[in-house]
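Chains as they are written, first to last, in the numbering used here: chain Y, 36 to 364; chain L, 5 to 297; chain E, 93 to 515.
I should point out that these hints are in silico values taken from the structure, not numbers from a laboratory.
Here's a subset of chain E near chain Y, in silico, CB distances under 8 Å, partners left out:
# : residue
1 : T176
2 : A179
3 : S180
4 : A205
DSS-like cross-link-like pairs, simulated, lysine-lysine; straight-line CA separation at most 30 Å:
#  : chain 1 : residue 1 : chain 2 : residue 2
5  : Y       : K177      : E       : K192
6  : E       : K233      : Y       : K177
7  : E       : K515      : E       : K389
8  : E       : K163      : E       : K121
9  : E       : K447      : Y       : K177
10 : E       : K447      : E       : K121
11 : E       : K121      : E       : K192
12 : E       : K263      : E       : K292
13 : E       : K352      : E       : K389
Just so you know, even glycine gets a beta-carbon here, dropped at the ideal spot from N, CA and C.
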Amino acid sequence: MRRHAGAIVLFGLAAVAPLATRDAYFLDTIVLILMWGAISSAWNVAGGYAGQVSLGHAAFFGIGAYSAAVLTVHWSLSPWIGLGLGMALSVVAGLVIGYLSNRLRGPYFVLATIAFAQVLLIAASRWREMTMGSEGIPVPFKQGFWTLGLASKVSWLYLTLAFALVLYLVQVYLEVSRMGYQLAGVREDEDAAQALGIPGRRLKVIAIAMSAALTSAGGTFWAQYVGFVDPFYVFSIDLSVLFALNAIIGGAGTALGPFLGSILITSLEHYLRATLSDIAPGLIGVHLIIYGCLLIVMVRFVPQGLIGALGALFIRRARTARGERLART
Amino acid sequence: MAALPQLVVSTLLLGGIYALIAVGLTLIFGIMRVVNFAHGEFLMLGMYLAFWAFALWHLDPYVVLVIALPVFFAVGLLSYWLVMQGVIKASHNVQIFTTVGLSIALQNAALVLWTGDYRFVRPWHASEVVRLGGAALNLSQIVAFAVAVAFTGGLMAFMKFTQAGRVMRATAEDREAATLMGIDTERVYRLAWTIGIVCVGVAGVLLSPVYTVYPQAGLQFVLLAYVVVVLGGLGDMRGALFGSLIVAAVETVGAYTLGIAWKEVLYFVLFILVLVFRPAGLFGQRGAETLGM
Amino acid sequence: MQRRIPVVAVAVLTLLAALPVATAQAQLKGEYKIGVLEPLTGPLSSEGKRHLAGYEIMRDLINARGGVMGKKLTFAIADIPNPTAAASEANRLIAREGVKILTGSFSSTLCGAASEAAARHNVIYWESSCVDPRFTRRGLKTTFRTEIDGIGFGWYQVEFAVKYVAPRLGKKPSELRVVFLSEDSSYGQGATEAARARAKKEFGMQELAAEYYNFQTINDFTPILIKFKQLNPDILFGISRNNDAILLWKQAKEQSFVPKAVITAGATGFGSPDFGKALGNDGNGPFALLEPGPGFKVDGLRPEGREIEAAFRAAVQKATGSYPLGGHQLAAGGLWLLKLVLDKAGTDELGAFRKAVFALDMPVGSLVNGWGAKFDETGQNSNDRVQHYMLQWQNGELVTVWPEQFTTNRTKWLPLPAWDQRK
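With these hints in hand, go ahead and build the complete structure from the sequences.
Written out as structure tokens, the structure reads:
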């Protein structure tokens, strides 16, 4: 239980937040923290645990956002069905990316994923009959759980909290299960893992497909929450970067990392944007300069993420722990 | 096929623009193996340099070229020293996100300093047109093309005939062996980065009469430049030039026959196909893509 | 290992997340605050800032005329570069700044998300510029739009071609050979599809080609221009964003492409002052559908409209050194109308506010930009009240040329002569 103390505190605090305040902006910030955290966790399944760093995850996010919106608009079907469809489509797309991952490494793989998302962006912005083209889809709001029309921020908070919990547990499973160990082996040294009889290629593809499906689910929730699907945003490189960024800032390959990253990035973005755009319109954009510089500094000095950085505060404990572990191996 | 001469000319001129941007990138990507997401922002800075020199002192962009060389040499060194040096031995992820951060910071620094207004550099040659056998050529683009060829040739000669160039090629081919041979790889990286930035800064100055100057001006060229670089093969100057021409041809012919909406789809699909079937590029060394290093 | 660390991390970061909580500000006494949402960073920032400037100039004029409901009008401004930010910032202004009315937002993808968030709080969303026709058709009782929608843009473009251009080319509308070339964002696609539909169905124009491009990545129009040159159309219809229009026109000259008329719409691209700045006299000839520009007869307006229009022009001239631009005019026109509604309703309570909006019946010429107002039940101001004008680039300036009864200027170069004869 103790290794999950951080998560219990985090999710616990989120769960009781509505008791403390009904402030819509605060609740909105928490919903977005959980949502981006959960989607970054989905990225983490491929990027962190399997070591397949993608900057095209917006492709899956977009598929999820569109699946639900298109089904609702054209055939009045529930977004929950769209959620399932989006996940299925994303698995297929994930298999494509997975295939690429077996042929390409490092920067080549990254570039291929970017191109993949761009192709989907263009397709979505041109296929007017199905996607309404560049004009995007205003998601119809119908009150009710089956239609995912939740008017209250509190309901949204608990829904995203549940989603975040699922993602957290998926990641924990990857840490403790046989598949997780094997993936770690593949990530650290693929050839050695292969030699030990671990089906490295298949595992990577499975991890990417899982990651794709979970990201897609996040896309569906986001579209229902914000209420407007814009191809140039849902398939944007900015979003792909955000998903990876939260995980890397928080600590890639750890279950809590993406959530920590999301807390930092989301709240910082909200805070800086709110304060700066109010006091001095001339300084608008300054928050993004700070954001960019912070990013440079973080990945340089804390490449193992916030979890690692805070770990340094407890350096002695950490060192002894590492010593023990090294002694064991 | 009355359009043919113009299509050929347009391909050449557009290819020249891409080549200008891509030669610097292929150096950085080929030798350092760094995906530089901030490449477009340095292009944008080059355009702003040309704009301010033109607006404040009425300097023609071609005169500004002379200033641009030392300025971007300094910008290159400074950015390497401040930003890249610390992550040069780090993982790809760290490097990628470092350049993403640099891109966001530079773009918004331009927004805060110079606002989001669109700016124009319009010297006399910007609207000068040369007509040649049924085809029209924009003078600024001819110059850009000529400089692109000259730069590519110059860099090729540099890589081939100078000691520094040979060292860079050796490092590009095999980092570890280069280190074992006693090559100071850090110096090589610094040089590659700086030359790459000078190239793209110069490209920005040259493109300022053709396009519009604004904080996001570099964005549109970045992905495209990567398509070119991968197509041409890592670190290969000749490949970058031919890759540029191929991408430009795909765009131009695609836009003419299928419609302008399809040109991006065409080059991204081409990109993915090349990655899958000939990831070393048309001219590059085989095997680089699976090493990932 | 490191078991306590995540707990500490969570605690520290939660404090950080709570930071914004501390900044709540309610409405002050004697002031009336509304929220203004515009994209101030990112690729739309240039236009977003122009709209914001329009709002601020009009706000000062309103305050010099007694404010709204007897109170001083103030703004809470927010930057909304993307849909997530739009929804989130709408929430912030409502929850933290206590605003009951939001206005903005230039782009169709932003107004969709922001108005959705406003509706969940039952807060009035008063849109002054986005053109997505579906914006007011979602059954939201809280949304209103003062500007015409994308369908209106397309409608006016074709109207001008049929009523004005066709006779001067000596052709019947059904004999017109037309091409469409537009940017493919929400704005360009929406207005262009509306124009295509009307041109084809209502007037049987001959569409030779319809092309879309991405305005952020376009860097060469030559191939498409060669194709158009071979098609030799009478009219080129288009919607553009900014740089694309400049590049298009520059390369059209290089390729000696001469359609008989170029009809565009909107305050961006061909309608933006940058077009003239970049091209000078080479820019002469194209038409852009806009709010009224130079040549517009103020004395043709009704007295109440004349006063505020003159004051607004003078204020923009003073602040920017130029005639009001489309962005200024849309924002200011929307805000002035909001003041009139608020004064009449005397409250921002939704029921009374809606009643005041629907009771409006102002003929053309009653408001800034020579607008009138009559809202339909969806909250959309009507096409024929929001009178739009065709402006033409003449000698580096965009001047009003149509409808002719409202302007002192006359169309030139119709059909367009060769490139060297447009001086």
